[in-house]
Structure formats: C-alpha cells, structure tokens
Amino acid sequence: MHDLAQRLWPITRSITGQGVRDTLKIIKEHIPDLAIMSVPSGTQCFDWVVPEEWVIFDAFIEDESGNRIVEYSQNNLHVVGYSTPVDQWLDLEQLQAHLHSLPSQPNAIPYVTSYYERGWGFCLTDEQRQSLKPGRYRAVVRSTLHPGELNYGELILRGDTDQEILLSTYVCHPSLANEISGSVVTAAIARLLRAANPRKYTYRIVFVPETIGSIVYLSANLARMKEKTIAGYVITCVGDERTYSYVPSRHGDTLADSVAKHVLHHLSGKYEAYSFLDRGSDERQYCSPGIDLPVASVMRSKYDSYHEYHSSLDDLTLVTPTGLVGGFLAYAHILECLEENCYPKVTVLCEPSLGRRGLYPTRSTGRIGWQTLTILHVMAYSDGSLSLLEIADRIGEPMWKLLPIVAQLFDEGLLVLNTAIGHCG
Amino acid sequence: MHDLAQRLWPITRSITGQGVRDTLKIIKEHIPDLAIMSVPSGTQCFDWVVPEEWVIFDAFIEDESGNRIVEYSQNNLHVVGYSTPVDQWLDLEQLQAHLHSLPSQPNAIPYVTSYYERGWGFCLTDEQRQSLKPGRYRAVVRSTLHPGELNYGELILRGDTDQEILLSTYVCHPSLANEISGSVVTAAIARLLRAANPRKYTYRIVFVPETIGSIVYLSANLARMKEKTIAGYVITCVGDERTYSYVPSRHGDTLADSVAKHVLHHLSGKYEAYSFLDRGSDERQYCSPGIDLPVASVMRSKYDSYHEYHSSLDDLTLVTPTGLVGGFLAYAHILECLEENCYPKVTVLCEPSLGRRGLYPTRSTGRIGWQTLTILHVMAYSDGSLSLLEIADRIGEPMWKLLPIVAQLFDEGLLVLNTAIGHCG
Amino acid sequence: MHDLAQRLWPITRSITGQGVRDTLKIIKEHIPDLAIMSVPSGTQCFDWVVPEEWVIFDAFIEDESGNRIVEYSQNNLHVVGYSTPVDQWLDLEQLQAHLHSLPSQPNAIPYVTSYYERGWGFCLTDEQRQSLKPGRYRAVVRSTLHPGELNYGELILRGDTDQEILLSTYVCHPSLANEISGSVVTAAIARLLRAANPRKYTYRIVFVPETIGSIVYLSANLARMKEKTIAGYVITCVGDERTYSYVPSRHGDTLADSVAKHVLHHLSGKYEAYSFLDRGSDERQYCSPGIDLPVASVMRSKYDSYHEYHSSLDDLTLVTPTGLVGGFLAYAHILECLEENCYPKVTVLCEPSLGRRGLYPTRSTGRIGWQTLTILHVMAYSDGSLSLLEIADRIGEPMWKLLPIVAQLFDEGLLVLNTAIGHCG
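Chains as they are written, first to last, in the numbering used here: chain A, 1 to 425; chain B, 1 to 425; chain C, 1 to 425.
With the rest of the complex left out, here is chain A (with noise of 0.2 Å):
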C-alpha cells in the first residue's frame, strides 16, 4: 500500500481534469474491472453543474533578476486550485493579494482552492513569504478552464444478493498523503474483496473527486442506492498511526454506525467518536436529507484534526506502512462483520448437554473455561431476534472471536440461522 501511495501522491489532482484520470488508471492497474466513467462540464447533478475541467501546466513567480521563487513544478501545492491564466508583472503589495501561507506554520505550504469563483493564488511557506522583498515580481499561471469531464471510478462486485455496501472515497487532492490514503487502502481493501468467494453482499466501490463527485455520482445512482444500500463507509484518512475515529451517520445507529463502533472498540479501546456535527467528507452528501443512506466513516486521524491537515507537512512520513495497515485492518474486520453477521437460532430447550458433546469440562473444579463461557453465552442469546453483531457486543467479545464458536455451533446442529430477518439471512 505503501508503494501504491507513493505513486499516487505526486500528481496534481483535482475535482477534474488529468490528475484524476492519471490517479484512476494507475488504482486500475491494481483492480483491472474498474470503470473509469466520465459525466460532461455542464450537467446538472440535484442543485449542483459539472463545473469545467482545469488543466494546468505550468506556473510561477519570477522575480526581477529572473529567479523562480515559487514553482510548480517542484510541489503542486504552490498553485491555488481552479488558477485561472496570468502572465502579469506585480509589486510586492499587489502580490500578496494572491499569496497564501500559515503564519501559524510557517514552512507548511497551505493547500488552496479556488472552484467556485475565478481568480488565481499562489501558496507558498510563511517563512519564504516574509523573506520577499519589495521588488516587481511576475506571477505566471498556464492553465485552461474549459468544458471537458468529470472523472471517477466504479467497480461493483456482485455477491449472493443484491444488497450492497457502499465504499466511497476521493480522487481530488494533489499531494497530500492522508487524503490519498483513503484512495490506497480502498483499492487494497477492493482487491481482498475480489478474492472473497462467496459474498454474502454485493459492493459498490467509488472513487470520485470530494463533494462534487458524490453528487453527481448519487444523482446516477439514487434509487437503486436507496434500494439496496445497508450499510456504508467513506474512506478517507486512514494512513497515519495516532489514532482511529469515528464519524457517525446521521440517523447514528444504523448498521454502519454498529459495525464501526463494535470494531473500533474492541481494536482500541480509545478511538475518537466525533458528532455528526463534525462530520467533512461525502457523509455530508450519503446523509443529507432525502438520500438518507446509511453511511459512517471510520479514520485514523480525522481530517481537520492533525496540524500537516491540508499542508505540505502531510506527506509520506505522516502517512507510513503501519498506518495505512491500521486503516486496513480496521475496514477488514468491519466487513468480516458485515459479511459473517446473522441471526442464529437455538435448536434446542434448555442449554444444551455440552458434556457428552465432549465442550463442557469434565470434572467441576476450578472456573467454566472461556470456551464453553462463551458457547454458553452465545447460546443464551440466540433467540433469533438478535444479530450476532449485538450477540458479541452483549458478551464484551469481538465478532470474530465468536465466528469459530458459532462455526461449530451450526455445525452441531445445535444452532440454524433465523432467516425470517431480512438481509443477514
């Protein structure tokens, strides 16, 4: 993944254009069925148009001697997003009009954008700021805005029935690590999922630019998504090692939020549960009113709450191996959960004779094992009406503690599954 990341984390992404297609074709090379979809400038998606497409190529600032104090080309953070063209010479007050630093970091170049309304902007540190002397200074921008596409990625993987889980994450930021992590850890997570045979659930499996893309992703999609969808996550964050969070879907106690936070929980007991107020990806799109899908995110550090967020700091030191398999790991169990969950149901009255089925001790001394605790357990809750995601949070247990147990439960015939409730059948 981490390989993956850092071919992912040079190229000058943006809501549209090349850098998005660049990024889609090389997450391909990893999950070949992907579909690379296209939608033209100008469509009208719910309250929202496809805006033109930015292509640039190269820009900077000269100073009068002819040096480049701000390149392009050597970190695409230094063109605001959206730039419009300019080749035009400016004192230094007019300048810093178009300058943007963090005098609160000052060697982080800040990541801006620009889509809703034109203009153009440098970013640069705040110390290489403050060192500009007064001078004349040209500001050059080569980049077109014009009616092209909007990009994304679409990979639906079928499984046994056609309820389906979302997995959305973002194509969009240039180079900053922990935004693309969740591009990375998707497309390993997507290639687990092709590998599983069975699925219980069919996938839907996005990458599109932030905001933008959901939108017009969900006006494609809306009501086979509503239809089908039982539970989804947008994918995002998840490389760094400080921590895991949770931000819930709105509603807050749907599927997705209790897999979320049965898994966080029982992988780190401290994991950052944030409001729905806190909420800053698509979860603002899946959830708003009248798309109502059940969608949580789970990160590592969230968005907005680590100091290199949207900087030059986030880059591949922030964003390590160990990180971006704790974003793995997390969005692993989360689907064994999702995939292994059911409502079992006890076959017999009464507990069962675990003795002559050689799974209770023999002689009385000392305490019941674990083993047979959590059979007995397992069995006492079994009533049909309560998934094995709630049996295993009753019990303190993770879910796939349980799975061996309950394995060799239906294997004894001593548990069926409850397939009167619906979609974990």
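None of these hints come from the bench; they were simulated from the model.
Be a bit skeptical, because a hint or two may be false.
Identical copies go unnamed one by one, so any copy, or any two together, can satisfy a pair.
Claimed, not checked - Computed list of lysine-lysine pairs in DSSO-like fashion (alpha-carbon distance at most 27 Å, straight line): (1) K28 <-> K261; (2) K345 <-> K226; (3) K270 <-> K200; (4) K345 <-> K228; (5) K28 <-> K345; (6) K270 <-> K345; (7) K133 <-> K200; (8) K270 <-> K28; (9) K401 <-> K200; (10) K25 <-> K401; (11) K401 <-> K270; (12) K28 <-> K401; (13) K133 <-> K270; (14) K28 <-> K200; (15) K261 <-> K226.
No experiment lies behind these values; they were computed from the predicted model shown.
The hints should help you fit chains B and C onto chain A, whose structure is shown.
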C-alpha cells in the same frame, strides 16, 4: 415592571375578597381587555367547593396599657389568612396558642393561612414574641366570612390558529414580593403578546387564586383546554436575581418542557432543574391525572427554596428590576421559540450549492465560518421530521440564533414547511 | 431457619440419590403438602437424559500401615461426586492424579463432581496433600451407579388467579452451607405464603437438583409455566451477612427484575448488581431462548464471589441466623410487592380536597408533612397507566411504605383499581 410590583405588593390578598379584585383592577389598567370573572361561594368545582369570602377590616393585639403591639394596619402578614372575628382578653399563655413566629428567622413575620379550619391567629417576629411579658392581652380581629364570590382574570388573545398556549399566574398572596412577581411578569408578557401581530397561537392568560382558582377555572374550561392546549406555564417567583429554575410537567417530555429546558440552557447553563416531585403551584392541578395539560414552570428562585419565602423578608429588595427583567426575558424567549417553531424540509437532494448563492466561502482557506456551518447543519437536519427546536438542540445553538438563517433559507427556496406535521405548521 | 440449615447441612447430596430424598423429606416436615416427585434414569428431557443414580456407602484412602488418611465418613466433600467404585493400591504418584486440593486455600477441602465422565477421585486440603509421603496407598470407593430416579419437590399454592410466581431452589450440594441456604429460606417463604390468605397469585415452588433438575421440571411443565408465570426467582446463597446481590433475567426488564431492584435498592442502597453474563444457577435454564421465563435471582453474596465458595469453608459460621433472616426479608418484601402491586386510578379531577377529609394540615405553617406529600404524589401518578411499583419508584419510596396510604385512599374512594390492565388487577 418594578413600579407595578410596588403598587401590587401592599395589597391584602387572599383566595377571595377585595384584595384580589383590587389587584385584578390594577392589572387591567395594563391590559384593558382583561375580563374579571366571578364565581359564587358554594359552587361545586370537581372535588372542591368555592369557599366563603373573607373580608378583613382590622386586627391587633393590645396589652393592658392599651399599647398596640401587633397591628394589621402596619403589615398585613400579622393576621392569619381567613381569621374569624374575635375580641377577647387572654393571658399570655392562652395567647401563645394563637401566635406564629419563626425561631430560625427571628426578624421575619411569617405568612400563615387557615383556609379550611375556622380560627384566628397572629403572626409576628420571633424577637417580638420573645419580648412579650406575662400579663393580659386583648386580641381583636374585625373580619367577616360570608357567601360572596371568588374572582379571577382571564385574557384570550386570538391567533392564526385556535391552538392555545396557557399562561397561568396567581393573585392570592398578600405582601410577598416574589409571589406577586408572577402577576407582574405575566402582565408584561401579555402586553408583549398583544403587540405581536400576527400571532400563530391563541393565548389563554389567567390570573387566579392559587389551587382553588385553577380548579375553578379548569372546571369551567377543561374540554376546550384539553383539546387545544399545546403548551403552558405557571408563572411565579420570577423577580429575584439569584438563578433560574424549572419544574417539569408530569410527563416531563412535553413541548412546554422541551422549550423551557432549551431556553434555560442557553440563558444560563446552570439553572436548577427540579423534579415533578418538587412541584408546588398550579401545575399540581394542570398536570393531575385526567387534566393532563402540558404545563411546566420556569422561575427564578423556586418557592420554598429561598430563606425569605413566605415571610416579611420577601419584599421589594429581593424582587428587583433586574430580576423581573430576567424572568420576563426567559418567557419572551420561550414564547418566541413556541411561535417560531416549525418543521422545515429541504427542497434539494444533497447539500445545495451554496457557493453560487454567495453563502459559501469562495476560497478553501481556513475553516468554514459559523454562518456557513450553521446553514449546512440546519439543512442536514431539515428532513421534515425534526422541529426547528429539535434541530437547534442537535446543533447546540439557541433557536433564536437560527431564525435569521432559517428565514434566509426559506427565502432562497432551499427550505419549505412540512405542513403534514400538526401544530407547528 | 438456622436449625433447619443445621439439619440439612451434613447430608450427602448429589444430583440424584438418597441425599436428595432425605433432604426433601426434612423439608416436607416444614411444608407438609410438598409433593416429592421422581423421574426414572434414562428419561429424555430436551437435550438431556436423566443420569443413573449414584449411591455412596463409604470411601477412604489408607496408607501402608492401615491409617485412614482421608475418610468420607468424616467429611462428605472428601469424595468426588459420582465417583465410580474402586479398591486399589497405588503409589503416591499414581494417587496424585486422583487428588484435588486448592493450593491458594491450603486449609480448604474443595467440592468436586464428575457427573458426565466416569472416574473416581478424592478431595483434601492442600496442607494434607503436601504432607503425604512417598509410598503405597489404598484407595477405596464403595459406591454404585445404577438406573434409579431423580427426585425433586414441588409445592403449588393456589391463589385467587391462576397467574403464577415461580420460586426455585436446588437440593444437590453436600455440606456447603450457603448452597443449602436457598432451600432453607425457600421453605420459610413457603410457610409464610401458606399462611397468607387470600393470595392473589398461585405459587409454584420447586426444590430441584441444579441444572438437570430444572431441565427435567421444565420439560414436564413448560406450556403451563410459559402461559402463567408473571415472575420468578432462583433462590440460592441467601445465608451470609455480607451484601445483597442481584442477577437479572435475560431480558433484564421483567416484573421480576423491577421488583428485585426496587426491594434491594430500599433494603440496601449498595447491593451488587450483576449482569446476566454472571448467571450461574437455574436461571440459565429458565431464561434460555424458547423457555423465556421472567426469572431473576436475589442473593446475599453471589456464588463464585466469596472465597469459601465450593469448599469446606462454606459452613454454618458463614451462614448465620442474621444472614438467613436478611435473605428471607428480601424475598418477603419481593412477594409483598408482587402481591400488592396494582394499577390505581384517581376518581376525581384535580387534586382532591384533602382538607375536608382531614388529610391536609389545617394551617399553612411549615412544610407539608411526609404523609400529605405522599398522598399527593400517589394521587398525581395514579393515572391508571402506572403500577404502584412504578409510582413508588417515581416517588422514591419503598412500595411497602405506600401501602397504608394507598389503602386509605381506596377507602376514601379517591382511588379505584384500573382493572383494564392485566395481571395486577
């Protein structure tokens, strides 16, 4: 308001009699359409009978030298409410059986009534009582108890709908300032409501003697009140500066409760939230089984919780202009929340494109401001099933701070009213 | 009760056999209408089969000099329950495989059984075990395992309704005092109930061997018990003085749970509230899926929570007259709450005029007393939808303190029963 309190404070009120009528007449000067009603003694009201009317002319205790030691004309708390006529010489020991004082507050004259057992008595400071010398004393009460009437004031302010909000206060206590503060604030609120045009709701505002008055009123108006009342409050003890207090309705989760808690939370984070077990005024009747009105009480310091309560110390130094304004403000906010509450519903799928409406920051630098964030939050929760009050509670903002934003969103056509939900349409 | 405990304590009980029969016969002396029932070995009960009957005549270990080092006749815990016959010389090393002791409690003889794997063994203090010298030992167990019967006691006390309350205790442990305390207290409670006339409910009181006994009993009586049982308790470990404990039913919110928590809260603010995960006695069967009886357990120190548990230290110094009375009192209060629970409903609108009934203080001096306040609270919550137990919980008083007040209000005609609500009519 403090001026009105100064006029009302000295009047000798009881549950019936001239004091109540005088009080209602003064209030009517402020709200001319107040109807002053009367119900004859002996009228059966549910389990109760309207009592005889008590008129007090004079009362005093003289010593053998003819010195008046206790004089009703100096402080109307000196005579026990509903005292029967007497003119009798007693020695000190006999007299003691008719005296009331507060050993724990030696300089306070207590407030005592004896509505349902005939007799007479005097109240005095414990200091004075301790200084009484053995000897003969003449106790004189010049009063009458005779079939008369019970009076109350009623003001109906019609609104756009016939759904009603009940405001109830009482007019039966003599010179006790925080008791009469309820009438003072209610009169000011009534003036505010009369000036408000249009009003969504109809307001039923009553000035009744406590307990028997609300029972009399309910017995005459129950059917309509049960059908129409969406929220109500008992207004009392709203004149001191110490704190805010809240007594819930019996069910504790009515609209009256939600609004009261919302307002007090935002006016004063640390108000006193009492239990229904602590009730003590006319919510005892309004919330009784079979009546079941959604009536709570918002106060400054709750009756029975401050040391001046029911004694001569409860005067116009305890009840201040600032204290009264605080009581008024709480109710003004409560009524604003009730009037403005509604069920907003978004008209677009996904978040609206705020950028093209000038409602979104044009650059992605820094955090989204309070205004934009609040627009997004309001939109995210406006699914037509949550009231604006509930939305404000989720966002953690006072509802009145949301009103300009909501008005703007209605103007933009981004929100409409969900008129399918009843009383707030 | 302590006398009965002293008679029952020495008997060698197991899940079948003479010890159980002897125990039931002694209990029958106290409750003559106890029916002693038998079920033949080999009977299929749900997933279980009634085991062969075990009879133990003698057991000992001798050294080469003929000294008996371990003698069943001195303490019946010395022999492992269900030991098969043996008469064999072994050297110490071989013998060790058949010995059980508690290194952490070197002066305690542990209690060990081996119901479902055939074999033999001895229990002794770890002190004694450590003192054994290398050499030859003769191990003798004179026992039989043969088709016989399983016995239990059943007492049905009919009440005004056929709705039932289940009391279940077990009679299968040898000389362990806090285990047999359940039978002692249950016998005393049964005597109390027999004397109570009329009884609202029918009582089903059973003395069964743990686990297999309750399974046998359920298999014979399930349909009726499911239809009629409104609450039940497993009575065990009710004889020490240390604390009160509560194990909930599986659902945790049945009438049995509410009453148990109510009683323990008022008997002892700081009782131990366990989880259903901590269950360990016959609630394992009564609460299993498909059985689903509303059965909880109220104890003094819960099994498995005290260091004397399942060893020779659990004797009649741990179980005391005071401890037993405490256990008895808890169940007496529980049954009083169940019997007296009802849905009261006021007959008047608004508060009643208590003054003319002599139920209200005649003067307004001082606070309203506890009695009057409690009358008002009971009336305020008696809307016909809340049970007296729920009303007591809201008021914060033990239900038994409300009973005289409620009786008075029924007498005054201020309350009637809401017979529309089922089992407490």
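**Q.** Up to 27 Å CA-CA - K401 versus K25, copy category
**A.** neither (38 Å within a copy, 48 Å between copies)
Q.
For K270 and K200, with the copy left unspecified, which applies at a CA distance of at most 27 Å: within, between, both, or neither?
A. neither (31 Å within a copy, 49 Å between copies)
Q: Since the copies are identical, ignore which copy is meant and state whether K28 and K200 lie within 27 Å (CA to CA) inside a copy, between copies, both or neither.
A: The answer is within: 24 Å in one copy meets 27 Å, while 60 Å across copies does not.
Q) How would you label the pair K401, K200 (within, between, both, or neither) given a Cα cut-off of 27 Å? A) within (20 Å within a copy, 48 Å between copies)
Q.
Within, between, both or neither: how does the pair K345, K228 come out at a Cα-Cα threshold of 27 Å?
A. both (26 Å within a copy, 24 Å between copies)
Q: With 27 Å as the alpha-carbon cut-off, assign the pair K270 and K28 to within, between, both or neither.
A: neither (36 Å within a copy, 57 Å between copies)
Q: Have a look at K133 and K270 and pick one of within, between, both or neither, based on CA distance no larger than 27 Å.
A: For K133 and K270, the Cα distance exceeds 27 Å both inside one copy (49 Å) and across copies (55 Å).
Q: At 27 Å max between alpha carbons, let me know whether K401 reaches K270 within a copy, between copies, both or neither.
A: within (20 Å within a copy, 35 Å between copies)
Q: Measure nothing new, just compare the shortest in-copy and cross-copy C-alpha distances for K28 and K401 to 27 Å and report within, between, both or neither.
A: neither (34 Å within a copy, 49 Å between copies)
Q) When no copy is specified for K28 and K261, does a C-alpha distance of 27 Å or less occur within a copy, between copies, both, or neither? A) neither (31 Å within a copy, 55 Å between copies)
Q | 27 Å Cα threshold - placement of K226 relative to K345 | A | Answer is between: at 19 Å across copies they meet the 27 Å cutoff, but 29 Å inside does not.
**Q.** K261 and K226: within-copy, between-copy, both or neither at 27 Å Cα
**A.** within (23 Å within a copy, 37 Å between copies)
Of the numbered hints listed earlier, those contradicted by the structure are 1, 3, 5, 6, 7, 8, 10, 12 and 13.
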